[in-house]
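Please build the complex by placing chain B with the ligand on the supplied structure of chain A, with the hints as guidance.
Chains as they are written, first to last, in the numbering used here: chain A, 20 to 367; chain B, 50 to 550.
Worth double-checking, as some hints may not be accurate.
Not close to chain B: a few residues of chain A, all C-beta gaps over 10 Å, as computed [stated by the list, open to error]:
{"#": "1", "residue": "Ile23"}
{"#": "2", "residue": "Tyr41"}
{"#": "3", "residue": "Phe79"}
{"#": "4", "residue": "Asn90"}
{"#": "5", "residue": "Ser108"}
{"#": "6", "residue": "Gly196"}
{"#": "7", "residue": "Ala220"}
{"#": "8", "residue": "Leu225"}
{"#": "9", "residue": "Tyr257"}
{"#": "10", "residue": "Phe262"}
{"#": "11", "residue": "Met287"}
{"#": "12", "residue": "Asp320"}
{"#": "13", "residue": "Asp344"}
{"#": "14", "residue": "Val346"}
{"#": "15", "residue": "Lys347"}
{"#": "16", "residue": "Asn348"}
Not the full set, but computed from the structure, chain A residues with beta-carbon under 7 Å of chain B [unchecked claim]:
{"#": "17", "residue": "Ser143"}
{"#": "18", "residue": "Glu146"}
{"#": "19", "residue": "Tyr147"}
{"#": "20", "residue": "Asn151"}
{"#": "21", "residue": "Ile155"}
{"#": "22", "residue": "Gly180"}
{"#": "23", "residue": "Arg181"}
{"#": "24", "residue": "Leu183"}
{"#": "25", "residue": "Tyr184"}
{"#": "26", "residue": "Pro199"}
{"#": "27", "residue": "Ser200"}
{"#": "28", "residue": "Val203"}
{"#": "29", "residue": "Gly208"}
{"#": "30", "residue": "Gln211"}
{"#": "31", "residue": "Ile212"}
{"#": "32", "residue": "Thr215"}
By construction, these hints were calculated from the structure, which means they are not laboratory data.
Everything numeric in this text was worked out from a predicted model, so none of it was measured.
Heads up, the beta-carbon is just placed ideally off N, CA and C, and yes, glycines get one too.
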Amino acid sequence: MLHIELIILHCLQSIKNERTIYSIFHLLKGKKSSQTIQDAHLFSLKPFFGILEPMTRELFDRKIAAMLQNNLIIDCGGQRFVPALLGESLLQNNRLPIFINGWDYHQITGPVWERLTLLVQVASHLEYGETNYIPIQKNQAVHSWVKTVIKVSNISKREMGRKLYNELTKCFCNADGINPSVIVFRLTGFQQIGLTAEQAAKKLDLEALDYHLQFTNTLHYMIQNIKDNNEQFPLLAYLIQGFTENEELTLSARKTWNLLLQGYSPEMIASLRRLRVSTIEDHLVEFALNINHFQIDEYVDNGLQSKILDTSRQQGTKQLKVIKDKVKNASYFQIRLVLAKYGEQSWN
Amino acid sequence: MELEDLLLKHFGFHSFKTGQKEVISSLLSGCHTLAMLPTGTGKSLCYQLPGYMLDGHVLIVSPLLSLMQDQVEQFKRFGEKRVVALNSFLTLEEKNQVLRHINEYKFIFISPEMLRVPYILGILGKLKLSMFVVDEAHCISQWGFDFRPDYSKLGEIRSALGNPLTLALTATATYQVREDIIQSLGLSNVTKVESSVDRPNIAICIEELADYHEKEARILDLVQQLEKPGVIYFTSKKAAEQMAALLVEKEICQAGYYHGGMDPSTRVLIQEQFIHNQLEVICATSAFGMGINKENIRFVIHYHMPMQIESYLQEIGRAGRDGNQSVAILLYSPGDELLPLQLAEGELPSEQQIDWLFASIAGEPRVLNEQLRLHKDLKEQGGFTDVQWRFIEGLIHQMHRTVPMQQMNKSVKEFVAGRLTTKKTNIFQLKQWLDSASCRREHLLNYFGEMLSDQVQPCCDRCGVQLNQFFKVSGHFKSKPSDVTWNQYLAKILINSGLSE
Ligand SMILES: [Zn+2]
Numbered sequence: 020m021l022h023i024e025l026i027i028l029h030c031l032q033s034i035k036n037e038r039t040i041y042s043i044f045h046l047l048k049g050k051k052s053s054q055t056i057q058d059a060h061l062f063s064l065k066p067f068f069g070i071l072e073p074m075t076r077e078l079f080d081r082k083i084a085a086m087l088q089n090n091l092i093i094d095c096g097g098q099r100f101v102p103a104l105l106g107e108s109l110l111q112n113n114r115l116p117i118f119i120n121g122w123d124y125h126q127i128t129g130p131v132w133e134r135l136t137l138l139v140q141v142a143s144h145l146e147y148g149e150t151n152y153i154p155i156q157k158n159q160a161v162h163s164w165v166k167t168v169i170k171v172s173n174i175s176k177r178e179m180g181r182k183l184y185n186e187l188t189k190c191f192c193n194a195d196g197i198n199p200s201v202i203v204f205r206l207t208g209f210q211q212i213g214l215t216a217e218q219a220a221k222k223l224d225l226e227a228l229d230y231h232l233q234f235t236n237t238l239h240y241m242i243q244n245i246k247d248n249n250e251q252f253p254l255l256a257y258l259i260q261g262f263t264e265n266e267e268l269t270l271s272a273r274k275t276w277n278l279l280l281q282g283y284s285p286e287m288i289a290s291l292r293r294l295r296v297s298t299i300e301d302h303l304v305e306f307a308l309n310i311n312h313f314q315i316d317e318y319v320d321n322g323l324q325s326k327i328l329d330t331s332r333q334q335g336t337k338q339l340k341v342i343k344d345k346v347k348n349a350s351y352f353q354i355r356l357v358l359a360k361y362g363e364q365s366w367n
Numbered sequence: 050m051e052l053e054d055l056l057l058k059h060f061g062f063h064s065f066k067t068g069q070k071e072v073i074s075s076l077l078s079g080c081h082t083l084a085m086l087p088t089g090t091g092k093s094l095c096y097q098l099p100g101y102m103l104d105g106h107v108l109i110v111s112p113l114l115s116l117m118q119d120q121v122e123q124f125k126r127f128g129e130k131r132v133v134a135l136n137s138f139l140t141l142e143e144k145n146q147v148l149r150h151i152n153e154y155k156f157i158f159i160s161p162e163m164l165r166v167p168y169i170l171g172i173l174g175k176l177k178l179s180m181f182v183v184d185e186a187h188c189i190s191q192w193g194f195d196f197r198p199d200y201s202k203l204g205e206i207r208s209a210l211g212n213p214l215t216l217a218l219t220a221t222a223t224y225q226v227r228e229d230i231i232q233s234l235g236l237s238n239v240t241k242v243e244s245s246v247d248r249p250n251i252a253i254c255i256e257e258l259a260d261y262h263e264k265e266a267r268i269l270d271l272v273q274q275l276e277k278p279g280v281i282y283f284t285s286k287k288a289a290e291q292m293a294a295l296l297v298e299k300e301i302c303q304a305g306y307y308h309g310g311m312d313p314s315t316r317v318l319i320q321e322q323f324i325h326n327q328l329e330v331i332c333a334t335s336a337f338g339m340g341i342n343k344e345n346i347r348f349v350i351h352y353h354m355p356m357q358i359e360s361y362l363q364e365i366g367r368a369g370r371d372g373n374q375s376v377a378i379l380l381y382s383p384g385d386e387l388l389p390l391q392l393a394e395g396e397l398p399s400e401q402q403i404d405w406l407f408a409s410i411a412g413e414p415r416v417l418n419e420q421l422r423l424h425k426d427l428k429e430q431g432g433f434t435d436v437q438w439r440f441i442e443g444l445i446h447q448m449h450r451t452v453p454m455q456q457m458n459k460s461v462k463e464f465v466a467g468r469l470t471t472k473k474t475n476i477f478q479l480k481q482w483l484d485s486a487s488c489r490r491e492h493l494l495n496y497f498g499e500m501l502s503d504q505v506q507p508c509c510d511r512c513g514v515q516l517n518q519f520f521k522v523s524g525h526f527k528s529k530p531s532d533v534t535w536n537q538y539l540a541k542i543l544i545n546s547g548l549s550e
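Just chain A, with the same shape it has in the complex:
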């Protein structure tokens, strides 16, 4: 299966030649910039946000070159590409990984994995009555998490292994299109060290990035399943507890948000924080995307808002320049702000 290719094709189809190919690269890498965050919303690509963090620019370029050579995509110049006929038929005949949910889970994917691996290792050694071993996770936060789980779960040390086994197998059964091997062979237990990502990919005969994608898909499936059926997985439920959700704002944007709440204007915030006004404007766009109750009327009056939205709809575009040409008295910032606030609902 051509997983990565399929996702790139899907993204290209969604952005309809309105962005360069690197907007997709940034999206898959999970770049925390207003532009990328906005793209994820505008083009409904949120599930793919940040799902390929290990990918390098070089690897991405190579992938695109190969897709071009295999007639999956067409080069439109200016770093823009669209799916070719072959690419479109590929999209029609293959399913995208269905559980992947980068937007909601990319920040907890790593921590959940660390927790799972350490929990399994600890449970396995409890089961075999061995106390002397090297923990495969060094992160102290994960260690204290495991200790807490053992304390509060009220499961006796002798039962821990079997309970975990039962929940894991239950979690994986009936999973459509999921191969639990991508996760399970990487787990470490008593006298059995788990495989590295590279070794697991090799064992399953997958390319490194495709393996990563399947791994993420499977982990996101687990997270969703645990979330939806909490009472069925009393032990696994701890894996996803204690993460604060909606940490979508960048750190810098959060500082701006706090100042905004104190009544400072964007210009004052810029001079206070020694940042450019355009940076603060990027933050406002982030708020428009992520904070439901954030009102933009202060920055764009109502008439101009409708004008921008109408033009976007009529012209069938989200390209700022095209809209700007039609609505001359709007600034680029105002157009971005309106598209961020209302763009998604007007399009879907």
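Just chain B with the ligand now, with coordinates in the frame of chain A:
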């Protein structure tokens, strides 16, 4: 109570390893001690045991973060919970937490850069220290292969802490370096416990081959035949990866690679797979082996030449910890010394980088921030590697109170030039050893100021060694691991009796 009884009580061992008892007795009689003990002799026991008998805290300075973590974990595994590591792994919050409760820790590991923070030094100064331990003490000496500017301040720090009882530990140091350690720490009346660097159960062989093609073929051949497990050392990460892939592809053995460029969790997995015999051969850079306890390594091969004799000895010393016969084989082809020479230059900042840095900070009256560190942006803008940066930052910190700003550029450059000369000399000495016609073992011992007293058998290629005595006993090759399903795998690790019941 006899020392042996304490050993049994606290550690469950019946007897000391070479040198341990001498070091402990010396410390308990109140003497500063310099201990040169081969790696794998349980150095930490030398301060842990007296730590229990003396009143106060034990402060251990250690330059390698990963090693420090390992040691702390090891303490904890053996039931000592009053141990902590103060290093840059800690978040600010965790650091403050530790410092608030510093009194509760008997054993405090600390990195040298933490010690230069006056606030931290102040807190430590108020503690009653029973011992001041300097691990990897050769890092103090400019003559040493691993000089760290941070370490050269330890004498001053020790005196700021009220000159506590001191233990300096090293695995490999020449006579000159040992003298330097004593002088730099300001120790008088030192007991020296110096065990031999010789490892009689490791045969030493050097093979000269035409080029890297021949080397590669030779490695495939050797690994095929030699008794495993084994380690192959490389200077380049890429070469290590490629060789591991080749060994697997040719179905010669279960091989993996290990180097500093991998993420920490992957490194732990590879290391543990090797320890649990899931991997038979590791292709590694010098990053591999610190703090690893695997007793039955049967061979160490060097594909590239190390940077100095000290590293070579440390690396081959990972073989044969169980005392059984093992072999070290170094493959040399003409021109191999160019790679370490290049590397030596790359480890130090270039003249242009130094000029650039001083030009950039010339206008700034406060070059060093409150943590006494240079601004991080300068590192990126000047294109400094981590190693170069740590070096120059430590150096400027060391000089900034004694050398005026205008002269510092010149002083730094002179110092760097001096380091480069030392590194080149080290490489040259290793090359001399490779070229020498005399017994390999004798030459190595002479380098460390020792004489070869007993002839060992088998000794080295110069004395005559039959490599086939290290070959595995007839073809008992491991069959590939059988294919288990994910479900069986999970059951195996989580249910003791398997799924049979
Ligand atoms: Zn010899």
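**Report entry** Unmet hints by their number, sorted upward, for this structure
**Finding:** none
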